[in-house]
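So the protein lines, in turn, are chains S and Z.
Going by full-length UniProt numbering, the first sequence runs without a break in its numbering and finishes at 449.
Going by full-length UniProt numbering, the second sequence runs without a break in its numbering and finishes at 296.
It should be emphasised that the hints constitute simulated quantities derived from the structure, not laboratory data.
Certain hints may be false.
Quick list of in silico lysine to any residue cross-link-like pairs, SDA-like style, CA-CA up to 25 Å [stated by the list, open to error]:
1. K158/Z / D80/S
2. K330/S / D80/S
3. K190/S / Q207/S
4. K87/S / K158/Z
5. K236/S / Q434/S
6. K435/S / Y14/Z
7. K448/S / T52/Z
8. K419/S / K158/Z
9. K439/S / F53/Z
Single-letter residue listing:
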Amino acid sequence: MRKSLLAAMAATVVLGGVMAGCSGNAQTGGNEAAAEGGTKQISFMFRGGPEEQKAYEATVKKFEADHPDVKVKIITTTGDQYATKLKAAITGKSVPDVFYFDPGDLRAYVNAGVLKDITEYVKDVDFDNIWKRGVDIYRYDGSNVGQGNIYGLPKDVGPFALGYNKDMFTAAGIPLPDKEKPYTWDEFIKVNQQLVKDTNGDGKIDQYGTGFNVNWALQAFVWSNGADWLDATNTKVTIDDPKFAEALQYFADMQNVHKITPSIEDAATLDTYQRWMKGELAFFPVGPWDLATYETLPFDYDLIPYPAGSTGKSATFLGSLGIGVSSSSKNPEAAAQLVTYLTSSPEGMQQLVDAKVQIPNLIDMAEKWAADTTKKPANKAEFLRIVEDYGKPMPNTLTYNSEWYQLFFTDIQPVLDGKLTAAEYVKAEQPKMQKLLDKAIEQEAKSKQ
Amino acid sequence: MKAKSSLYRKESYYGYLFVLAPVVGYLLFTMYPLLYSLYGSFTDWDGLGQMTFIGLGNFKDILADELFYKASFNTIFMMIGIPIEITLALLLAMGLNRKMFGTTTFRVIYYVPVISSLAAVSILWQWAYNGDYGLVNQFLALFGFEGPNWLTDKYTVKPALILMMIWKNIGYSMLLYLAALQSVPKDYYEAAQLDGANSWNIFWNITFPMVKPVTFFIVVTKIIGGAQIFTEVNIMTPTGGPEYSSATVVFYVWKKAFENLQMGYASGMAMLLGLFIFVITLVQFRMNERSSKDME
Chain S
1 MRKSLLAAMA ATVVLGGVMA GCSGNAQTGG NEAAAEGGTK QISFMFRGGP
51 EEQKAYEATV KKFEADHPDV KVKIITTTGD QYATKLKAAI TGKSVPDVFY
101 FDPGDLRAYV NAGVLKDITE YVKDVDFDNI WKRGVDIYRY DGSNVGQGNI
151 YGLPKDVGPF ALGYNKDMFT AAGIPLPDKE KPYTWDEFIK VNQQLVKDTN
201 GDGKIDQYGT GFNVNWALQA FVWSNGADWL DATNTKVTID DPKFAEALQY
251 FADMQNVHKI TPSIEDAATL DTYQRWMKGE LAFFPVGPWD LATYETLPFD
301 YDLIPYPAGS TGKSATFLGS LGIGVSSSSK NPEAAAQLVT YLTSSPEGMQ
351 QLVDAKVQIP NLIDMAEKWA ADTTKKPANK AEFLRIVEDY GKPMPNTLTY
401 NSEWYQLFFT DIQPVLDGKL TAAEYVKAEQ PKMQKLLDKA IEQEAKSKQ
Chain Z
1 MKAKSSLYRK ESYYGYLFVL APVVGYLLFT MYPLLYSLYG SFTDWDGLGQ
51 MTFIGLGNFK DILADELFYK ASFNTIFMMI GIPIEITLAL LLAMGLNRKM
101 FGTTTFRVIY YVPVISSLAA VSILWQWAYN GDYGLVNQFL ALFGFEGPNW
151 LTDKYTVKPA LILMMIWKNI GYSMLLYLAA LQSVPKDYYE AAQLDGANSW
201 NIFWNITFPM VKPVTFFIVV TKIIGGAQIF TEVNIMTPTG GPEYSSATVV
251 FYVWKKAFEN LQMGYASGMA MLLGLFIFVI TLVQFRMNER SSKDME
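Sequences are here, hints too, so could you generate the full structure?
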């Protein structure tokens, strides 16, 4: 009796363990069996706001309708949980067949054998009709990003344009900004100063020029002044360049010297974003992901190039998010089909564009979309100019990890508050950042072994 | 040893069967990850694949890591909230233990934050601390003070977080104290009053010693919890605050592990944190044992 009970207990434990261990295999085994019967099951993990999730779910449904032999299991998360969940899936060796990934993680994922080389599966894609910059971010030849085989396709490209409140200019009787010719830095300050006003006469300023978040907008000023975070080889931190310091100082002075932004410590996005939407700011960045929300703005707005520094040229960042295929996928072909459907097929793209969650990846579709000036903003072509001409990837996506880059923004507050000059800051910060970058380079070398 | 009755034995087997589930769960979900992460802390594991043994390399780097010290300092600094919270909780519990009108309502009010989602509470407080529109500064403005932008100033961000955590957690400690106070025999107080003890003497010689086991429990769990603060920091100051002034050890561990591909390094820090908590708790138990003996 007692022995049998003990044995039963032991059996339960062992069986439980075996079953848990097998469940993964059993499932994939089932898939293969099902594949013979005609249906392949693949999983697709992605993130996004509620609107975006809905749009993507609907597009995936349509994909299933067009490909009756493929069933897609959808896994969604909110934006901030995605990275953790994906890393956990990779560690646990249960990577979804198709998933979003940040271009900054491309090399790590390829070196670790997580991402599949999908070059041969995407041969039919008309690459002349997709943004070259968007695709090149996902090419990697084992040492450099931007060339070689394809490990993913862009979900979309995210040009970060500058918007302005048209009604505010008209009301103040100031000529509208020229979309062909960017403001110089001095002109930009002057226009802003004209727009800072106490509109209701209560003695308090309630209309401001602008209010940029340093994390997303400083790049535009640094780059257009001919400086950058990294040198051309992406191995040296170059923030101690005087042109860099000049741009950072200009950025900080908007708040501290020229007083064209709401309040002194105000870099938290919530305030300026809401002020812009209430019509209290003259200039504010606009990304394609904002278009659906901005449709209901109580004023007319349009897009212009960012003010140009000493290079005389505008600059801004061009974001992107990739969709890739897991190298452990049992159905890589079906998985790659889903990737191309979502990123480069006219049917899939049209549906996503109609949902107003992104700009088209397909050039002909994008040009048609931008030419429709009846919908706000009229100058949507500025988005396309950023994609084709003056947009640059974020510096942290060019290195193996972004620790060195994060440190820059972690320590920056005293500069924004005017307690430290930009020149002092970049001098003190460069060695610390270089140390972290060196570590990242060392890590990358190891990951290739 | 003589064999006991078969009924007795049978019962003990059923007993084992009942404890099996938690034991298996503990082995699978606590011991296994713990040992794995212990091993990981001696490797250069990136969380993706590569995992080479590098001996004490991580620990050497950690002990020279400026941000690790900063995060450790912040974590310990924010424990200042613990004595404040305990004192307030005991005062509240004593107040609400009296027979007066509305105690039930107040108990509910103080307990509501405890059962609210920490993420939701963090977002609410993030708004409340906003420099321009925040409720906190609007309230201060009523008295003519101009409040800072709490979460973007390195000197105010930690006090702001401490205040919020006290608000969030005080109901729980208060409830424990209430239960403890209600189990103090009434005759102690009556006897003391007959002897002419004043209220301070009554508190110091009766109430305080009688709730001491609860105080001990709260202190131990608060310090363990305080060493692991993460969610509120991650939501309210997603970059670790101005100049990393609100980053905690767990926050730094999470950044390293999930954003910067340094799982081995992060495991090393987690091990040090675990060791710290273990030692502190051990010391507390020793001290408690000694002082209980003193009482006897």
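Could you work out which of the previously given hints the structure breaks and list their numbers from low to high? 2, 4 and 6
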